[in-house]
Structure formats: structure tokens, C-alpha cells
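Both chains are sitting in their own frames, so use the hints and assemble them into the complex.
Sequence lines, in order, name chains A and X.
Be aware that the first sequence starts at 1, since it is given in my numbering, and climbs by one per residue.
Be aware that the second sequence starts at 1, since it is given in my numbering, and climbs by one per residue.
Derived from the structure by calculation, the hints contain no laboratory data.
Please note that the accuracy of each hint is not assured.
Said to hold, decoys possible - Straight-line distance between alpha carbons at most 30 angstroms, and here's what the computed DSBU-like set of lysine-lysine pairs gives: (1) Lys-14(X) with Lys-152(A); (2) Lys-14(X) with Lys-148(A); (3) Lys-43(A) with Lys-14(X); (4) Lys-13(X) with Lys-87(A); (5) Lys-89(A) with Lys-13(X); (6) Lys-14(X) with Lys-151(A); (7) Lys-148(A) with Lys-13(X); (8) Lys-152(A) with Lys-89(A); (9) Lys-43(A) with Lys-13(X); (10) Lys-151(A) with Lys-89(A).
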Amino acid sequence: MTVLAMVISVLELSIPPPVPIAGFKWGLSNSVILMVLFMFGPKEAFIVAVLKVFLSSVITGRFLTPSFFLGMGGALSSVYVMSILLKRKFGLIAISVFGSFISNCVQLMLAAFVFVNSSRVLLLSGYIIGIGAMTGAANALIFYGGIKWLKKASII
Amino acid sequence: MSPYGTEVLSLFKKRDLFIFALIIVLTSLALFWGLDSKSGSLVSVRIRGEKRYVFDISDKGIKEINDGENHLLNLYFTGSDVRVQDSKCPLHLCERGSLMQAGVLVCVPQKVLVSIERDREPVKESGGIDLITG
Numbered sequence: 001m002t003v004l005a006m007v008i009s010v011l012e013l014s015i016p017p018p019v020p021i022a023g024f025k026w027g028l029s030n031s032v033i034l035m036v037l038f039m040f041g042p043k044e045a046f047i048v049a050v051l052k053v054f055l056s057s058v059i060t061g062r063f064l065t066p067s068f069f070l071g072m073g074g075a076l077s078s079v080y081v082m083s084i085l086l087k088r089k090f091g092l093i094a095i096s097v098f099g100s101f102i103s104n105c106v107q108l109m110l111a112a113f114v115f116v117n118s119s120r121v122l123l124l125s126g127y128i129i130g131i132g133a134m135t136g137a138a139n140a141l142i143f144y145g146g147i148k149w150l151k152k153a154s155i156i
Numbered sequence: 001m002s003p004y005g006t007e008v009l010s011l012f013k014k015r016d017l018f019i020f021a022l023i024i025v026l027t028s029l030a031l032f033w034g035l036d037s038k039s040g041s042l043v044s045v046r047i048r049g050e051k052r053y054v055f056d057i058s059d060k061g062i063k064e065i066n067d068g069e070n071h072l073l074n075l076y077f078t079g080s081d082v083r084v085q086d087s088k089c090p091l092h093l094c095e096r097g098s099l100m101q102a103g104v105l106v107c108v109p110q111k112v113l114v115s116i117e118r119d120r121e122p123v124k125e126s127g128g129i130d131l132i133t134g
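Pulled out of the complex, with its shape left as it was, chain X reads as follows (with noise of 0.2 angstroms):
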């Protein structure tokens, strides 16, 4: 009893292949792409899309993360990687994992992005205050 028919319930079908295909391709890709961001010694922060902060990946200790009113949350660095500590946000979702594991670490509520990068850019001011920080 199905408005398709029964004949639809099969696993596999051979005009599948094009899909899998499609997907295979565009997963390696954005993989190469995600390893190949991993590279890099600096650790930048941004809010709302805004770089805030940029720190150094071999830096010990913890680390404040406010957009200039709110703490949102601390970066607790290793000397080799990165983690979430103490986020404001409900879920705490962002505090699972860290960013050599996945390359970037995102809270979705606070609009906080953590990633590693290559170059040193001037951070941008905000409202006239300088946030320049490590």
C-alpha cells in the first residue's frame, strides 16, 4: 500500500549510480578542501563573521571571548589544539570537539567561528575600540 506502488521498494537501482557518484566526488573535495585549511599556526575568531581575534596555535591557557559587552565564551588552547570551554549559548554543542579535529569549531547561537589560518591580517575595530588581543 503505497501511493508509488510497491514496485519502488527496491535497495538499489542502477540510475543510482549517477547520485552516488555526484556525492562521492563533491564529499572528497570538500574533505581535500577542509585538510588542506588545517595548515597554519595562527587561530582566528570571529564574530558575527567580524575577524575579533587572532591568537597563536602554541599559546597555553585560557582565553576570554567577548564582543565587547557579553562574555561569550572561553578557548581553553592546549599548546597544540583548541577547545571550547564555558559558552554562554544552551546547547554547548561548540564545547564537543576540537579544532584539530575538525578544522573549525562554530557556535551556531553566540555567531562565534574559530579556524586556523596561514597569514597575519590586521584585526578589525569595532566601534572604535581595539580588540586586539594575543
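In isolation and in its complexed conformation, chain A is listed as follows (with noise of 0.2 angstroms):
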């Protein structure tokens, strides 16, 4: 599971970001995050996500720069958001839309106070949660198709 984080995590850094800042991408690997948080739990959810920003960050040489900051501060809060929804038993789109927005709020937040120290940054907010809503959505899809296919091959 780590690793097909973070092959996609790696693979998306060759399809356009949706918005021109740098650290901000589509995020697809979280369907892959949503799938363990839901397979094992949070714990495990942490794990993977902890280890999927390391190691991309580590093979893309970005460890400790910018990029691996704001990737690890969203993949956390993410991860946090998502497993208290799923806890209280909402919806799959709204667990992973809102798991993106919050990833993007406080990916934003350390861009414009920590690395650019600019509130300008908070700018682009729109575009970024909005698009962030769509690829929010696409990820929930992605993992329900999984679950799906995992219960059809009696994997699960």
C-alpha cells in the first residue's frame, strides 16, 4: 500500500499542477491513504502517509525542502479530518472532499506564514480549494471503485 502511494505520488509529479505554486499537486495518492484508513485505521492511515511523503520526497530529491513540508503538514491534517468523518459515519466524497480541503487550508497557511511569509498567497485560495474539492471528489471515487474490485476478487 505504501508503495502504491507512493509510485502515484511520484508519477503525478509529471502530470500539470492545477494551480502555478510549487508543492501544490492533484493528490491522487489519496485514495490510496483513504483505502488503508478505511481497511485498518488511522494509525495505519498515519503510517502510510507519513512514510509516502518521506520516500517521495527522498526519490524526487525534495527531502527537507519546502515541497516535503507542506506535503507532510497535509497529508497529517488530512488523514486526521478523514478518520474523524469516517468515524462519525459521513458520506465517502464528503470524507475525502473535506480531507482535501483541509490538506490545501493548511498547506496554504504554511506557504503564505511560513516559507513566502506573504498573505497574498491566500490569493490563489480559491482555485486551490476549489479544484481541490474536484480531485476530492475524483480520489473518493477511485476508492470506492477499489473496494468494489477488492470485494468482487473476494480479497476482502
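Here it is in C-alpha cells:
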């Protein structure tokens, strides 16, 4: 699972990002994290999320660069809120969309107040949150399809 | 097989409406705010949050941006839009997209932020060296 999340995360770099700002990506590997969260629980999802950010940043030579910290902040905060919403039995699309929303908010705040030191970064928040909601919904569908497929193949 | 039980496996639930409403409202507000910031005829460049350069949006040609010691990147002015070129950052993500598209250009590794402004404010001095250009 970690390997899958990492491979997707690295491959994702070859797709143009939705907005022209460093560190913001499509977040497609989030569907794998969602799957780990659903199948094993929050502890395992946290471990996979941390490993994913850590390993993909080492592979792409970005370890300890701003994009590493943005990725880590986004991944941890989204696993946290997604685990709460899953416990409270929200629908999958809402869980994934809200996870992406929180991840984007955290990354925008980190970029604005820690790295670039200008609140003007937040002018991008409309695009980032809006596009993040769409990729969040797509991730939920990928996850749903994945679970259905695993069930059909009677793996779970 | 899931610690949450299989009944959680549905795409939509009634209670989701609250989350969708919240995100739609916040996204619209943020989009309007972003669009509003696109009007103006000045292009300002901030390094680590400090305004260091102000250009006119109708300028043409290449402007070199440096922090006093190192050359950070070039801004290519087309006469109506601005793009980042030859950035010294590792990933060159800031070279994708243009100022009029996004409203803001950001290079996170180099802490450079390019945005559109209405009024001309004085450019901050740094270490006694005057960096006003354009």
C-alpha cells in the first residue's frame, strides 16, 4: 500500500499541477491513503501517509525542502479529519472532499506564513480549494471503485 | 473487513450536505476575493514578504529579480501578462502558468511572490541599498 501511494505520488509529478504554485499537486495518492484508513484504521493511515511523503520526497530529491513540509502538513491534517468523519459515518465523497479541503488550507497557511511570508499567497485559495474539492471527489470514486473491485475478487 | 464496519461504505449521506455547503460557500468567497485582486496596473514583487520591486503591467521584456546577492529568477513581461523564466529553484513549478491566469505567481523555495496591485506604495529599502527599479 505504501509503495502504491508512493508510486502514484511520484508519477503525479509528470501531470501539470492545477495551479502554478510549488508544492500543490493533484493529490491522487490520497485515494490509497483513504483505502488504508478504511481497511486498517487511522494509525496505519498515518504511517502510510508519513512514509509516502518521506519516500517520495527522497526519490524526487525534495527531502526537507518546502514542498516536503507542505506535503507532510497536508497529509497529516487530512488523515486526521478523514478519520474523524469516517468514524461519524459521513459519505465517502464528503470525507475525501473535506480531507482535501483541510490539506489545502494547511498547505496555504504554511506557504503564506512560514515560507513565502506574505498573506497574498491566500489569493490563490479559491482556485486551490475549488480544484481540491474536485480531485477530492475523484479520489473518493477511485477508492470506491477499488473497494468494490477488491470485494468482487474476494480479497476482502 | 474494516474497523469501521461495511455500513460506512456509501458515497453520499444526508449529513454530507453541511460539508458540501460549507465548501461551496468558502470556495465562492475565496474565488471572488481572488478575482477582485486581479484588477490593477502595477506588478509588485515581494521577497520573503518584503516588497522589493514594482513594475508596470504594460512593460515589455525581461526583468531580473535578485535579493541583493543572488539572482533568483527572471520575469518575462509580454505587455499584458507576466511569466517566470529561468528560476534558480529546483522544480520550476513557478514557471508554469501566468500572472493574469492565477492572479499571483509564487516561487515557494525562493520565497518570491509576484502579484497585481492598484496603488503605488514606496518600495522598502534593504540594508541601505536602494532596490527600486522599473
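Hint by hint, here is what the structure shows:
Under the criterion of a C-alpha separation no larger than 30 angstroms, the hint pairing Lys-14(X) with Lys-152(A) is consistent with the structure, at around 27 angstroms. Only pairs whose Cα atoms come within 30 angstroms are accepted, and Lys-14(X) paired with Lys-148(A) is accepted, the gap being roughly 22 angstroms. Taking the CA atoms of Lys-43(A) and Lys-14(X), the gap is near 28 angstroms; set against the 30 angstroms cutoff, the hint holds. For the hint linking Lys-13(X) to Lys-87(A), the alpha-carbon distance of about 14 angstroms falls within 30 angstroms, and the restraint holds.
A hinted pair counts as satisfied when its Cα atoms are at most 30 angstroms apart, and Lys-89(A) with Lys-13(X) qualifies at roughly 8 angstroms. This hinted pair checks out: Lys-14(X) and Lys-151(A) have alpha carbons roughly 25 angstroms apart, not beyond 30 angstroms. Pair hint Lys-148(A) plus Lys-13(X) holds up; C-alpha atoms about 18 angstroms apart against a cutoff of 30 angstroms. A hinted pair counts as satisfied when its Cα atoms are at most 30 angstroms apart, and Lys-152(A) with Lys-89(A) qualifies at roughly 23 angstroms.
Between Lys-43(A) and Lys-13(X) the CA atoms are separated by roughly 25 angstroms; this keeps the pair inside 30 angstroms, and the hint holds. Of the pairs offered as hints, the one joining Lys-151(A) and Lys-89(A) holds, with about 20 angstroms between alpha carbons and a cut-off of 30 angstroms not exceeded.
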